[in-house]
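Engineer: From first to last, the protein sequence lines stand for chains C and F. Here the first sequence is numbered in our numbering, starting from 18 and rising by one per residue. Here the second sequence is numbered in our numbering, starting from 18 and rising by one per residue.
Be aware that a few hints might be false.
Heads up, the list lumps identical chains together, so a pair's fine if it works in one copy or across two of them.
With a Cα cut of at most 30 Å, we get these calculated DSBU-like pairs of lysine-lysine [as the list claims (entries may be wrong)]: (1) K257 x K276; (2) K138 x K229; (3) K138 x K251; (4) K98 x K229; (5) K251 x K100; (6) K251 x K98; (7) K257 x K108; (8) K108 x K284; (9) K98 x K285; (10) K100 x K69; (11) K108 x K251; (12) K229 x K69; (13) K66 x K229; (14) K285 x K108; (15) K229 x K100; (16) K229 x K37.
Worth flagging that the hints you see were computed from the coordinates, not collected in a lab.
Protein chains: 2
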Amino acid sequence: MKSTEPADISQLCIHTITTKPWSIEEAAKNFSASGVKGITVWRDAIERKNIKQTGRMLHEHDLTIVSLCRGGFFPGSNVIKRKSAIDDNRKAIDEAVELGTSMLVLVCGAEPSQSLEDSRKQIRDGIAEIIPHASAAGVRLAIEPLHPMYADTRSAINTITQANDLAEELNSPWVGVAVDVYHLWWDPFLENEIMRCGRNGNLMAFHICDWKVPTTDMLLDRGLMGEGCIPVNKIRSWVKNAGFNGFNEVEIFSTTYWKESQAVFLKKIIEAYKEHS
Amino acid sequence: MKSTEPADISQLCIHTITTKPWSIEEAAKNFSASGVKGITVWRDAIERKNIKQTGRMLHEHDLTIVSLCRGGFFPGSNVIKRKSAIDDNRKAIDEAVELGTSMLVLVCGAEPSQSLEDSRKQIRDGIAEIIPHASAAGVRLAIEPLHPMYADTRSAINTITQANDLAEELNSPWVGVAVDVYHLWWDPFLENEIMRCGRNGNLMAFHICDWKVPTTDMLLDRGLMGEGCIPVNKIRSWVKNAGFNGFNEVEIFSTTYWKESQAVFLKKIIEAYKEHS
Numbered sequence: 018m019k020s021t022e023p024a025d026i027s028q029l030c031i032h033t034i035t036t037k038p039w040s041i042e043e044a045a046k047n048f049s050a051s052g053v054k055g056i057t058v059w060r061d062a063i064e065r066k067n068i069k070q071t072g073r074m075l076h077e078h079d080l081t082i083v084s085l086c087r088g089g090f091f092p093g094s095n096v097i098k099r100k101s102a103i104d105d106n107r108k109a110i111d112e113a114v115e116l117g118t119s120m121l122v123l124v125c126g127a128e129p130s131q132s133l134e135d136s137r138k139q140i141r142d143g144i145a146e147i148i149p150h151a152s153a154a155g156v157r158l159a160i161e162p163l164h165p166m167y168a169d170t171r172s173a174i175n176t177i178t179q180a181n182d183l184a185e186e187l188n189s190p191w192v193g194v195a196v197d198v199y200h201l202w203w204d205p206f207l208e209n210e211i212m213r214c215g216r217n218g219n220l221m222a223f224h225i226c227d228w229k230v231p232t233t234d235m236l237l238d239r240g241l242m243g244e245g246c247i248p249v250n251k252i253r254s255w256v257k258n259a260g261f262n263g264f265n266e267v268e269i270f271s272t273t274y275w276k277e278s279q280a281v282f283l284k285k286i287i288e289a290y291k292e293h294s
Numbered sequence: 018m019k020s021t022e023p024a025d026i027s028q029l030c031i032h033t034i035t036t037k038p039w040s041i042e043e044a045a046k047n048f049s050a051s052g053v054k055g056i057t058v059w060r061d062a063i064e065r066k067n068i069k070q071t072g073r074m075l076h077e078h079d080l081t082i083v084s085l086c087r088g089g090f091f092p093g094s095n096v097i098k099r100k101s102a103i104d105d106n107r108k109a110i111d112e113a114v115e116l117g118t119s120m121l122v123l124v125c126g127a128e129p130s131q132s133l134e135d136s137r138k139q140i141r142d143g144i145a146e147i148i149p150h151a152s153a154a155g156v157r158l159a160i161e162p163l164h165p166m167y168a169d170t171r172s173a174i175n176t177i178t179q180a181n182d183l184a185e186e187l188n189s190p191w192v193g194v195a196v197d198v199y200h201l202w203w204d205p206f207l208e209n210e211i212m213r214c215g216r217n218g219n220l221m222a223f224h225i226c227d228w229k230v231p232t233t234d235m236l237l238d239r240g241l242m243g244e245g246c247i248p249v250n251k252i253r254s255w256v257k258n259a260g261f262n263g264f265n266e267v268e269i270f271s272t273t274y275w276k277e278s279q280a281v282f283l284k285k286i287i288e289a290y291k292e293h294s
């Protein structure tokens with residue numbers, strides 16, 4: 018048998034939602050024991066917890082807290098809803114600070130009772146309104162364009178082109194873009210737009226998983242890297258060429274994997290990561 | 018009560034698959050009795066039938082046969098598969114002629130084991146190869162861009178921009194674009210690209226339905242116009258402004274509606290059409 022160097026996992030980050038059945042304490046312990054160095058925390062994982070203590074616990078496990086997921090959801094059919102979204106985003110920024118991370122991912126939202134144009138304006142206005150708070154807190158806001166199949170209720174920002182346009186229009190060092198292969202892999206302009214994103218200093222985060230063939234659920238059937246048809250390695254090389262050298266964040270929502278032993282799933286994640294990132 | 022003129026349904030076309038439980042004879046009889054003037058025929062509806070006779074039957078019901086659905090599926094991982102796709106497209110063109118329609122809709126296909134770039138090249142080459150046959154037969158080929166959620170196996174052509182690019186590159190009077198609101202509604206460039214499509218003489222067909230909120234199935238949960246979040250009227254006005262004055266084709270795949278009485282469903286289609294087209 019040929020002996021090979023173990024593939025480098027120093028840039029592997031895993032989202033808490035990926036191993037959803039685990040508490041954040043279990044996730045921290047198991048990630049750390051497996052040599053994982055980064056964690057992105059979903060807000061449901063810190064609900065009803067002392068956030069500062071949780072952040073300390075993660076750091077004690079030698080985990081970099083890559084980002085907090087997620088703010089956003091700016092559109093609303095009336096001013097009260099939109100004001101409440103702004104308040105919640107300020108709260109999320111504060112939570113990011115307490116936790117000890119300097120990035121908040123934005124899933125921008127969409128309101129199906131109004132036009133996408135209106136939702137897009139409200140997203141732009143909403144982000145503009147929270148920039149001062151983000152700047153004062155030292156928290157970067159990463160706009161995550163979502164797959165067009167989520168344009169009804171989750172995000173009116175559906176391509177990296179739109180996210181780039183928005184980040185450039187807002188023109189703040191506190192605003193950038195999160196690239197997720199699941200949402201963007203199909204886009205014929207993806208390579209060019211990743212380059213543009215990097216060139217303008219807006220490439221803040223990189224999320225990976227795979228698109229299963231067939232995909233049986235629009236939300237909860239993501240695959241491990243290598244399990245589907247997304248060229249994760251190729252997109253990773255574009256992101257790298259665009260100057261990004263941060264964590265590769267594994268973000269998988271999967272009722273299939275959530276039913277498995279999470280310890281076994283974690284091993285699979287690391288194996289898939291070594292092979293496909 | 019105010020009396021109003023009944024809304025005009027002279028440009029209403031319905032796809033046979035929309036009322037899938039009906040045979041094509043039942044569809045023809047019921048469409049015709051309700052004043053519907055156009056029908057688009059899916060190939061499953063004419064399987065094992067005498068196609069010429071079926072076409073005559075449709076014409077006897079005073080129905081315009083707007084198009085035959087569908088050719089396409091050009092990509093393949095080997096030359097035998099790709100050759101077989103070309104043969105099948107030639108056959109579909111012949112079927113269109115026998116049936117008595119001058120348009121074949123192309124769902125272009127995608128092969129998940131290869132890159133989207135490769136699938137896109139094979140689509141271009143495949144269409145180029147069948148143009149002489151289409152031209153000789155007098156059958157126009159309408160490239161239908163499909164929603165990005167179908168980029169794995171159904172189509173590597175996922176935006177109207179791509180379809181426009183492809184139609185312009187092929188530069189044949191026999192090649193154009195079919196605009197379906199379900200696939201394209203989310204696109205921020207949609208209005209501009211519809212104008213471009215019309216300006217270049219490529220706007221060949223217009224398909225309507227709605228995106229239900231929530232959508233529970235990626236394929237078989239389409240809604241009636243007005244039932245979801247697609248601005249069908251607005252997109253219709255763009256298509257009209259781009260010079261299109263053909264049929265508005267109702268294409269709905271829905272296990273929900275297929276379970277209902279198709280006579281009741283047909284009434285609902287006509288009501289929804291009057292209100293939202």
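Engineer: Now tell me, hint by hint, if it's right for this structure.
Structural biologist: We went through each hint and held it up to the structure:
1. For the homomeric pair K257 and K276, neither the shortest alpha-carbon distance inside one copy (34 Å) nor that between copies (51 Å) is at most 30 Å.
2. Proximity of K138 to K229 under the C-alpha cut-off of 30 Å is restricted to the inter-copy arrangement: shortest distance 23 Å between copies versus 33 Å within a copy.
3. For a Cα distance limit of 30 Å, the shortest separation of K138 from K251 across copies, 18 Å, qualifies, whereas the shortest one inside one copy, 33 Å, does not.
4. Within a single copy, K98 and K229 get their C-alpha atoms only as close as 36 Å, which misses the 30 Å cut-off; across copies the closest is 22 Å, which meets it.
5. When the C-alpha separation of K251 and K100 is checked against a cutoff of 30 Å, the pair qualifies only between copies, where the shortest distance is 29 Å, while the shortest distance within a copy is 41 Å.
6. In this homomeric assembly, K251 and K98 come within 30 Å of each other (Cα to Cα) only across copies, at 26 Å, whereas the closest approach inside a single copy is 41 Å.
7. With identical chains, the CA atoms of K257 and K108 are never at most 30 Å apart, being 32 Å at best within one copy and 47 Å at best between copies.
8. With identical chains, the CA atoms of K108 and K284 are never at most 30 Å apart, being 35 Å at best within one copy and 50 Å at best between copies.
9. In the homo-oligomer, the alpha carbons of K98 and K285 never lie at most 30 Å apart, since the shortest distance is 41 Å inside one protomer and 34 Å across protomers.
10. Taking CA atoms no more than 30 Å apart as the test, K100 paired with K69 passes inside one copy only; the shortest distance there is 27 Å, against 63 Å between copies.
11. In this homomeric assembly, K108 and K251 never come within 30 Å of each other (Cα to Cα): the closest approach is 37 Å inside a single copy and 38 Å across copies.
12. In this assembly of identical chains, K229 and K69 lie within 30 Å of each other by CA distance neither inside one copy nor across copies; the values are 37 Å within and 42 Å between.
13. Taking CA atoms no more than 30 Å apart as the test, K66 paired with K229 passes in neither setting, with 35 Å inside one copy and 37 Å between copies.
14. In this homomeric assembly, K285 and K108 never come within 30 Å of each other (Cα to Cα): the closest approach is 35 Å inside a single copy and 46 Å across copies.
15. Proximity of K229 and K100 under a CA criterion of 30 Å is satisfied inter-copy only: 27 Å between copies versus 38 Å inside one chain copy.
16. Within a single copy, K229 and K37 get their C-alpha atoms as close as 20 Å, and across copies as close as 28 Å, so both meet the 30 Å cut-off.
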